[in-house]
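**Q** Now for the letters of each chain:
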Amino acid sequence: MSKVWAVARREFVERVRSRWFWISSALVPVFFAAVVLLPTVLTEASGTKRIVVVDGTPPFGAKVADALSEGRVFRASHVAAASGVVDSLVAEVGAKRLDGVLVLPPSFLDDGAAEYRASNVSSLRDVEELDRVLGQLGTEVRLERAGIDPALLARTQLPINLTTNKISGSQTTGESSKQSFSLAYFMGITLYTVILMYGVNVKSSVLEEKTTRIVEVLVSSVRPFALLLGKVLGVGAVSLFQLALWGAAGRALLHERAALVSRITGLSAASDLFQVPTVSTETGAVFVAYFLGGFFLYAAMFAAVGAMSSSEQEAQQAQQPIVLVLVLAFVSMFALLGDPNSNLSIALSVIPFTSPIAMPVRWAAGDLPPTELGVSLALLAVAIVGVTWIAARIYRVGILMTGKRPGIRELARWVRAG
Amino acid sequence: MTKRFAGHVAVNDLSLAVPSGVIYGLLGPNGAGKTTTIRMILDIFIPDEGSVRLFGGVGTAREHSARVGYLPEERGLYRKMRVMDVLVFLAEMRGLERRVARERAAAWLERLGLAAWRQRRIDELSKGMQQKVQFISTVLHEPTLVVLDEPFAGLDPVNAQVLKDVVVELRQSGTTVLFSTHIMEQAERLCDRLCIIARGRKLVDGSLADIKRTSTGQHVTIGFDGDSGGAAGVLGDATIVKKVDHYGRYAELELAPGADPQRLLRALVESGARIARFELVEPSLHKIFIDLVGPADAAEAEGGAA
Numbered sequence: 001m002s003k004v005w006a007v008a009r010r011e012f013v014e015r016v017r018s019r020w021f022w023i024s025s026a027l028v029p030v031f032f033a034a035v036v037l038l039p040t041v042l043t044e045a046s047g048t049k050r051i052v053v054v055d056g057t058p059p060f061g062a063k064v065a066d067a068l069s070e071g072r073v074f075r076a077s078h079v080a081a082a083s084g085v086v087d088s089l090v091a092e093v094g095a096k097r098l099d100g101v102l103v104l105p106p107s108f109l110d111d112g113a114a115e116y117r118a119s120n121v122s123s124l125r126d127v128e129e130l131d132r133v134l135g136q137l138g139t140e141v142r143l144e145r146a147g148i149d150p151a152l153l154a155r156t157q158l159p160i161n162l163t164t165n166k167i168s169g170s171q172t173t174g175e176s177s178k179q180s181f182s183l184a185y186f187m188g189i190t191l192y193t194v195i196l197m198y199g200v201n202v203k204s205s206v207l208e209e210k211t212t213r214i215v216e217v218l219v220s221s222v223r224p225f226a227l228l229l230g231k232v233l234g235v236g237a238v239s240l241f242q243l244a245l246w247g248a249a250g251r252a253l254l255h256e257r258a259a260l261v262s263r264i265t266g267l268s269a270a271s272d273l274f275q276v277p278t279v280s281t282e283t284g285a286v287f288v289a290y291f292l293g294g295f296f297l298y299a300a301m302f303a304a305v306g307a308m309s310s311s312e313q314e315a316q317q318a319q320q321p322i323v324l325v326l327v328l329a330f331v332s333m334f335a336l337l338g339d340p341n342s343n344l345s346i347a348l349s350v351i352p353f354t355s356p357i358a359m360p361v362r363w364a365a366g367d368l369p370p371t372e373l374g375v376s377l378a379l380l381a382v383a384i385v386g387v388t389w390i391a392a393r394i395y396r397v398g399i400l401m402t403g404k405r406p407g408i409r410e411l412a413r414w415v416r417a418g
Numbered sequence: 419m420t421k422r423f424a425g426h427v428a429v430n431d432l433s434l435a436v437p438s439g440v441i442y443g444l445l446g447p448n449g450a451g452k453t454t455t456i457r458m459i460l461d462i463f464i465p466d467e468g469s470v471r472l473f474g475g476v477g478t479a480r481e482h483s484a485r486v487g488y489l490p491e492e493r494g495l496y497r498k499m500r501v502m503d504v505l506v507f508l509a510e511m512r513g514l515e516r517r518v519a520r521e522r523a524a525a526w527l528e529r530l531g532l533a534a535w536r537q538r539r540i541d542e543l544s545k546g547m548q549q550k551v552q553f554i555s556t557v558l559h560e561p562t563l564v565v566l567d568e569p570f571a572g573l574d575p576v577n578a579q580v581l582k583d584v585v586v587e588l589r590q591s592g593t594t595v596l597f598s599t600h601i602m603e604q605a606e607r608l609c610d611r612l613c614i615i616a617r618g619r620k621l622v623d624g625s626l627a628d629i630k631r632t633s634t635g636q637h638v639t640i641g642f643d644g645d646s647g648g649a650a651g652v653l654g655d656a657t658i659v660k661k662v663d664h665y666g667r668y669a670e671l672e673l674a675p676g677a678d679p680q681r682l683l684r685a686l687v688e689s690g691a692r693i694a695r696f697e698l699v700e701p702s703l704h705k706i707f708i709d710l711v712g713p714a715d716a717a718e719a720e721g722g723a724a
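Sequence lines, in order, name chains A and B. Note that the numbering used here gives residue 415 to position 415 of the first sequence, counting from 1, and the numbers run on in steps of one. Note that the numbering used here gives residue 639 to position 221 of the second sequence, counting from 1, and the numbers run on in steps of one.
Since the hints were derived computationally from the structure, they do not count as laboratory data. Any given hint could be a false lead.
A short, non-exhaustive set of chain A residues, derived as facing chain B with CB atoms under 10 Å [claimed, not checked]: (1) K3; (2) V7; (3) R9; (4) E208; (5) R213; (6) I214; (7) V219; (8) V222; (9) R223; (10) D339.
Partial chain A-side listing against chain B, Cβ under 10 Å, derived [what the hints assert, rightly or not]: (11) S2; (12) E14; (13) V16; (14) E128; (15) E209; (16) T212; (17) L218; (18) L400.
Cβ-Cβ distance ranges computed for the label pairs, FRET-style [what the hints assert, rightly or not]: (19) A/L124 / B/R539: 29 to 37 Å; (20) A/V323 / B/R539: 29 to 37 Å; (21) B/S438 / A/L27: 33 to 41 Å; (22) A/L400 / B/N448: 33 to 41 Å; (23) B/H426 / A/L27: 50 to 58 Å; (24) A/V382 / B/V470: 31 to 39 Å; (25) B/R539 / A/A252: 29 to 37 Å; (26) A/V13 / B/E528: 23 to 31 Å.
All values derive from a computational prediction rather than experimental measurement. Yeah, the Cβ is synthetic: ideal placement off N, Cα and C, and Gly gets one too.
Next up, chain A with everything else stripped away, as it sits in the complex:
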């Protein structure tokens, strides 16, 4: 048993020590941040704009200019409307000494019509900000004109705050619908990536020992199964460690997202598709259970692939069917998110080879009967035992074989042997 531990520790230490591990640990959160932040940042990255408010309804224009300057989008000044003013300001914009001109005609407070002329009018942020300030100030002035105290109105307005909460087994989970979606989405992507990545790692490790013939020395001192077990446990521990790193980074990122967006763009992020998911204990447990199950299932198969190949190229070919199944499970995630309770979805989340990705996605996306979860987990456990048994037999023979990659019939003989 101490040898299993030694094998596992070697796998863990060597992998965590590698540059590759830390690059992938850093790159994934960066990529994740890019996905979450970039769309907002890209449209908003234009910086503060200098504009002039041409005031046809003094002193309203001055108030608008002040309110705009308070935000981080605009730096605004105001001039009284006069003939030729707009033309000369437009000329300034043309000369790039000014970013835009907001024209408030005398009739603005009656019909709300205003005009924004700028070199770039496609920025949603600019338009949103103008809309917000003009709407708010215009409403206040018109309320005053009608003899209503704006403060009174503010007191009477009822802010609507509709929260959506997922119910799981007649218990509210604290996960909202948008959160459910983003959670399911990220869980699916993460499971697929990590299972594939570390499955391939197990394969490479087996292949390295086989091609360098170190395996002969190892097998003369530990049983092949103990070697395989130590290897899978070691690589599994690395994958959990990396998941924890990503989890911590992702959590911090999502938590600070609003602050990050507003620091970069100058606006508070109003509507997001991806909200900060609250991961309940149950969801976390389901994720980890299926991650471990999926990892063991696929790692055993990848180990067998490594053992039956004698070069990296051969292994690349031999692993195709396994990767294909995994890709299938990943792609099916999108169908699952559309309708988590269709027959297809149920089938995918119960079949052991797709369930490690499909089931956590379904779990996160919607309510699930506990019996389904139980059946799915039981089948996965059975599959792990069966697949590992077969894989270990292929491994035991394969690691000492050289030459041509065996066909199906040869493999069957290996499995039957002793």
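Let chain A serve as the given structure and place chain B on it in line with the hints.
**A** Relative to the frame of chain A, chain B by itself:
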């Protein structure tokens, strides 16, 4: 024991007894079954028939792994690992404690001139250095049985000398060394006992002296000084010479039964050959090997050695 692979018998009813505390050579041409035999001894392959017993008792090589060291024919180490880490890990596989392994590894690295490389990665080392590291890993846990599969293959003369010294030293400290080779000169100089196998079968085994004694007939070595004159004709005379191995300036031959060496010498002098050396000798292991294995297999073995 017997081991079969798809279609052929690699080792056929082979029986070996290796006394403890000796250097034992397993000799044979390529494909004779040396590596398969060694793998069965080490519990890497399970014999189809027969069994392996170690240290006079029960238990496989794997159960005795702390007492066994093994250097496989094809060398290799984890290329990305550091020298010290590889040594400690492999010693751990043999049941050695990490701390002890670290100390011993440091001493060995020092001794073989690799102390400065202990924190370097294996793939930064030259091939010769890697072989030294792998050799250290074979003996680090101080095994009582060391199995070396073709240990001298691919070694430069300096490393071969280092290895030879260590092997002799191991024997002096009471360790049993079993090694396979097809280089006869090495076996002749190193082995206390040996076994020659070909095509999976044992041809002969015992101590070197025994093997030489059982090889019948009188053997003569002749050195020519320049002109060998009509020597070829004399050596071809079947009434005097039974078998000849002619190298041009040098010949090893076995006399025909009852033939007088003096008669051969006289005939050679009369043929006009200039004799630099004429010696009655016991046959070299090389000669015995070729006689036993047969010229075709022997040629293959020599080809492999070149």
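**Q** Quick one: which hint numbers does this structure break? Sort them smallest to largest.
**A** Hint check: 10, 13, 14, 19, 21 and 22 fail, others pass.
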